[in-house]
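Trainee: Sequence lines, in order, name chains A and B.
Once you know that position 102 of the first sequence is 101 in numbering that gives the first Met the number 0, the rest is easy, because the numbers rise by one and skip nothing.
Once you know that position 195 of the second sequence is 194 in numbering that gives the first Met the number 0, the rest is easy, because the numbers rise by one and skip nothing.
Since the hints were derived computationally from the structure, they do not count as laboratory data.
One or more hints might be untrue.
Covered stretches of chain B, going by a simulated chain A footprint (3 or more residues, C-beta under 8 Å) [as the list claims (entries may be wrong)]: (1) 33 to 42; (2) 187 to 194; (3) 291 to 304.
Values in this document were obtained by computation on a predicted structure and should not be read as measured data.
Beta carbons are placed, not taken as given, at the ideal position from N, Cα and C, and that holds for glycine.
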Amino acid sequence: MRPEIAVLQEAMERQGYIADPAIATALFLAREMRRPLLIEGDAGVGKTEIAKVLARLLSTELIRLQCYEGLDVSTALYEWNYQRQMLRLRMAEDEGKTASEIEDLIFGRQYLLERPLLRAITRIEGPPVLLIDEIDRADDGFEAFLLEVLSDFQVTIPELGTLRAEHIPYVVLTSNRTREIGDALRRRCLYLYIEHPTLEKEVRILRSRVPGAGARLAEEIGRFMQALRRRRLSKAPGVAETIDWAQALCHLHSEHLDRETVAETLGCILKDQHDLRELGAGELEAVLAEVAEAAG
Amino acid sequence: MRGQSDLVRHLAQFAGALRQRGVGVTLSDEADGLMALTLIDVGDRGEVRRALRASLKIRQRDAAVFEELFDLLWKVRYDSSNPPVPAPGIPIPARPKAGNRPGRPATESDVERALALGDELGYSPEAVLRRKSFEEYSAADSTAMERLLSRLILRLATRPSRRRVPVRGRGEADLRRSFRRAIAHGGEFLSLARRARPIEKPRLVVICDTSGSMDPHTRFLLTFVLALRRVTRSERSSEIFAFNTTLVRLTPWVRPGRVDLTLERLATQVPDWSGGTKIGECLGDFVTYYLDELVNGQTTVIILSDGLDRGDVEPLAGAMRAIQGRARRVLWLNPLAGDDRYEPTARAMAAALPFIDRLLPAHNLESLERLLPLLAA
Chain A
0 MRPEIAVLQE
10 AMERQGYIAD
20 PAIATALFLA
30 REMRRPLLIE
40 GDAGVGKTEI
50 AKVLARLLST
60 ELIRLQCYEG
70 LDVSTALYEW
80 NYQRQMLRLR
90 MAEDEGKTAS
100 EIEDLIFGRQ
110 YLLERPLLRA
120 ITRIEGPPVL
130 LIDEIDRADD
140 GFEAFLLEVL
150 SDFQVTIPEL
160 GTLRAEHIPY
170 VVLTSNRTRE
180 IGDALRRRCL
190 YLYIEHPTLE
200 KEVRILRSRV
210 PGAGARLAEE
220 IGRFMQALRR
230 RRLSKAPGVA
240 ETIDWAQALC
250 HLHSEHLDRE
260 TVAETLGCIL
270 KDQHDLRELG
280 AGELEAVLAE
290 VAEAAG
Chain B
0 MRGQSDLVRH
10 LAQFAGALRQ
20 RGVGVTLSDE
30 ADGLMALTLI
40 DVGDRGEVRR
50 ALRASLKIRQ
60 RDAAVFEELF
70 DLLWKVRYDS
80 SNPPVPAPGI
90 PIPARPKAGN
100 RPGRPATESD
110 VERALALGDE
120 LGYSPEAVLR
130 RKSFEEYSAA
140 DSTAMERLLS
150 RLILRLATRP
160 SRRRVPVRGR
170 GEADLRRSFR
180 RAIAHGGEFL
190 SLARRARPIE
200 KPRLVVICDT
210 SGSMDPHTRF
220 LLTFVLALRR
230 VTRSERSSEI
240 FAFNTTLVRL
250 TPWVRPGRVD
260 LTLERLATQV
270 PDWSGGTKIG
280 ECLGDFVTYY
290 LDELVNGQTT
300 VIILSDGLDR
310 GDVEPLAGAM
320 RAIQGRARRV
330 LWLNPLAGDD
340 RYEPTARAMA
350 AALPFIDRLL
360 PAHNLESLER
370 LLPLLAA
């Protein structure tokens, strides 16, 4: 293994993110090749967290653009501050300025409201980490626009001209695969698919994120989650759910998993009525037996 | 640098093998892959694998094929100091079949060979793969269907989009454009620009049974689907799958143009056309590999099948539950349902029934006409 990748993996771990070699390699390549990193995976496997950790590692600003259906350029890139412009316009009229003077006045940078994409491009202090979260929720049209921004890192504002990036930001895109990401955008990026963690990794994550949970509890929770994911559930719980649950169990001062506590707190990890019912009749005991057996 | 050029050739061969198996790897991906390889320790096989997965953008559904080919082909051990040695004569597994169900090992290369020879040949002793002839369906029938569809199609587009586009007359005020306009009049808002949500086309996912028991109906139904796709011009938002013993994504093979030509092409692309059925397994594959990306709250999923399957019904029920959970509406078109005495008692049909919004007959044009209003988004 290339030493830099091992260093990156360790550094992420110090920041509280237990990364496997696949994650560290992809992130290393994205950083070195200066390409956006597209991360896919089930909900709660830690996609967004990667961008946050990266920003902490580089001690730079994290700029986040949360995508949603109907997201448009004025929310993602920039918008003029109409109210201020309007006021300035009225004042300029009283001063008797000519039309072109007025135009120069009200289309200055101070009347521009910077949205995440523009802020990421114009940040002077150094390259920020730009997190474009849940890109699959934005529509195709926005994706095409994003492609343009991510290829050139420049933005043209008709009234101001072209703004070029001061520093090329580190870009992380995440997708929950609710829509297929276009090939063009995919080609621009490096790609990482995050799987649900292995038992060993999940226990390490728990130990690092929920220090209050004892070794035995963490191990049991890990085994329980693994057993759960082997079952046919409509929403397999992610690491985020595991951490929530471990925290809940800590608050309840549980030292190990017993049937009653698990049944009461199952809502932390299963968030689908069908799944909850599926685990009701006898099935929960079966999972717990598996856990007990594996733990020896 | 000799080592570098060998690496290039090795990577090109590997990418070629991936393409042969239907994994979309372009030249620019290869360039990315090469750049990534120069940044990592190429002596570490695991690291090479991880770097290539990231830089060639291997999706989850292609992961199994990638791993298989990597194990098979990436035999050479590069050393950071020594120039790498290319593997002599890398065997490139032939394209297994058109559909490329993810994760299937490379076999059945003889299918292609046989098709090239124009032969009919056995896909397996039990099942038959053959080129379907479509001459029974007359051109006039197709034209009549398309004419009918275009008349009815206006009913389909009813859902407003979430995005806003400039419009005249109605809609909410668009400050940005109003302001630009006002400047021309010295800051007076003589007229307000407006924007509103445009009407969106419905999204359709059609999953079509091409097994033997569906034979008399399949071609007719596929014609309908293709015509629908053409008339709505919803190429981008509709997807077509076929299944019998495996699931095949047909969308890449569907081209605008003559319906009969497309159908002919499809018949050659689907393995086991007119063979047996494994509904549950095929729909399960659909759920695993495609559901999340292709089906959302605006998608109507249409399944064309007679539900005659003697397999285990448990996977079918699970898959149908997952599909219904995501889709806006699930319609099941069953040619048998055209008969008044029909009861959905076939085991597979009965298992799927709780997760279907409507079970509809599909034996003639009239029954399909009744379907159209239900497709509106």
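Trainee: Next, verify each hint and record whether it holds.
Mentor: Outcome of the hint check:
1. 33 to 42: Per the Cβ count (5), the hint holds.
2. 187 to 194: Result for this restraint: violated, n = 0.
3. 291 to 304: holds (count 4)
In the structure shown, a violation is registered for the earlier hint numbered 2 alone.
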